[in-house]
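J.: Residue numbers (the numbering used here), protein chains in the order written: chain U, 1 to 112; chain F, 1 to 114.
The hints are simulated quantities; they were obtained by calculation from the structure and are not laboratory data.
Only a predicted model underlies this, so the values are computations on that prediction, with no experimental measurement involved.
Every residue, glycine too, gets a C-beta built ideally from N, C-alpha and C.
Do not take every clue at face value.
Said to hold, decoys possible - Counterexamples of contact, computed for chain U against chain F with all Cβ distances above 10 Å:
1) G16
2) N18
3) L19
4) T20
5) G40
6) K59
7) K70
8) D83
9) T101
Unchecked claim - Simulated coverage check for chain F against chain U, where a stretch passes if three residues somewhere in it have a Cβ under 8 Å from a Cβ of chain U:
10) 73 to 85
11) 100 to 113
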Amino acid sequence: TQLLEQSPQFLSIQEGENLTVYCNSSSVFSSLQWYRQEPGEGPVLLVTVVTGGEVKKLKRLTFQFGDARKDSSLHITAAQPGDTGLYLCAGPGGTSYGKLTFGQGTILTVHP
Amino acid sequence: DTAVSQTPKYLVTQMGNDKSIKCEQNLGHDTMYWYKQDSKKFLKIMFSYNNKELIINETVPNRFSPKSPDKAHLNLHINSLELGDSAVYFCASSQVQGYNSPLHFGNGTRLTVT
Numbered sequence: 001t002q003l004l005e006q007s008p009q010f011l012s013i014q015e016g017e018n019l020t021v022y023c024n025s026s027s028v029f030s031s032l033q034w035y036r037q038e039p040g041e042g043p044v045l046l047v048t049v050v051t052g053g054e055v056k057k058l059k060r061l062t063f064q065f066g067d068a069r070k071d072s073s074l075h076i077t078a079a080q081p082g083d084t085g086l087y088l089c090a091g092p093g094g095t096s097y098g099k100l101t102f103g104q105g106t107i108l109t110v111h112p
Numbered sequence: 001d002t003a004v005s006q007t008p009k010y011l012v013t014q015m016g017n018d019k020s021i022k023c024e025q026n027l028g029h030d031t032m033y034w035y036k037q038d039s040k041k042f043l044k045i046m047f048s049y050n051n052k053e054l055i056i057n058e059t060v061p062n063r064f065s066p067k068s069p070d071k072a073h074l075n076l077h078i079n080s081l082e083l084g085d086s087a088v089y090f091c092a093s094s095q096v097q098g099y100n101s102p103l104h105f106g107n108g109t110r111l112t113v114t
């Protein structure tokens, strides 16, 4: 089974600060997805990265897929309280086609 | 109009009982899933159905039995509930079965077994 490790597990920052969340693996992934989950709700897809070295931007969020496709990062600029949530990376895992394996997540809290 | 809806949202029951969770998606997707999220927020796949056919069946106790009457519905029945079954169960769907097909999740069913 391909494992995804996310760091940090918890992140508590003030509004306006920048932050980076990491998603690492010893295995190569054909693609990685990032989701955000708010309390009481299900995860919502933010982005899918497919090509090694790819950078995608979603407003203040910048996603990068490592050149070797073993890692990914999510950078948030000028964090806002609305960014608070659980951030999950996910990638193809195991031998079952279509099975996604999730990292353990990063719980982000942005204080006003 | 909710895309993936689960019922109930909360379920509190005693050990040994049998309970069901229902899920419906109105997105026209072919594939549906059940995921379990534990107290540490770790999300793990349990089952996947593609057009009513069971595709993925992870190492889940056979007390858990999914059923898909049609491709828009996926239910989960749990027999003889145990304390360790307490978790949030998420239903999800994707347009096709494939790694790049994004998952659309419901809002979860929080199961508490006492």
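J.: Is the Cβ of G40 (chain U) more than 10 Å away from each Cβ in chain F?
T.: violated, 7 Å
J.: Counting residues of the stretch 100 to 113 of chain F that have a beta-carbon nearer than 8 Å to any beta-carbon of chain U, does the count reach 3?
T.: holds (count 9)
J.: Does T101 (chain U) clear chain F by more than 10 Å, comparing its Cβ with all Cβ atoms of that chain?
T.: violated, 8 Å
J.: Beyond 10 Å from every chain F Cβ: check whether that's true for K70 (chain U).
T.: Label holds. Min Cβ-Cβ 16 Å, cutoff 10 Å.
J.: Would you assess whether G16 (chain U), listed as outside the interface, keeps its beta-carbon beyond 10 Å of every beta-carbon in chain F?
T.: holds, 26 Å
J.: Going by Cβ atoms, does D83 (chain U) stay more than 10 Å from chain F at every point?
T.: holds, 17 Å
J.: Any Cβ of chain F at or closer than 10 Å to K59 (chain U), or is the non-interface label fine?
T.: K59 (chain U) is indeed farther than 10 Å from all Cβ atoms of chain F, at 18 Å.
J.: Take a quick look at L19 (chain U) and tell me if its Cβ sits farther than 10 Å from every Cβ on chain F, holds or violated.
T.: About 18 Å separates L19 (chain U) from the closest Cβ of chain F, which puts it past 10 Å; holds.
J.: Was T20 (chain U) rightly flagged as not at the interface, with every chain F Cβ beyond 10 Å?
T.: Consistent with the label, T20 (chain U) stays out of reach of chain F, its closest Cβ about 19 Å off (over 10 Å).
J.: Using a Cβ cutoff of 8 Å, are there at least 3 residues of the stretch 73 to 85 of chain F near chain U, or does the coverage claim fail?
T.: violated (count 0)
J.: Is it correct that the beta-carbon of N18 (chain U) has no partner in chain F closer than or equal to 10 Å?
T.: holds, 24 Å
Consistency with the previously given hints fails for numbers 5, 9, 10, ordered from lowest to highest.
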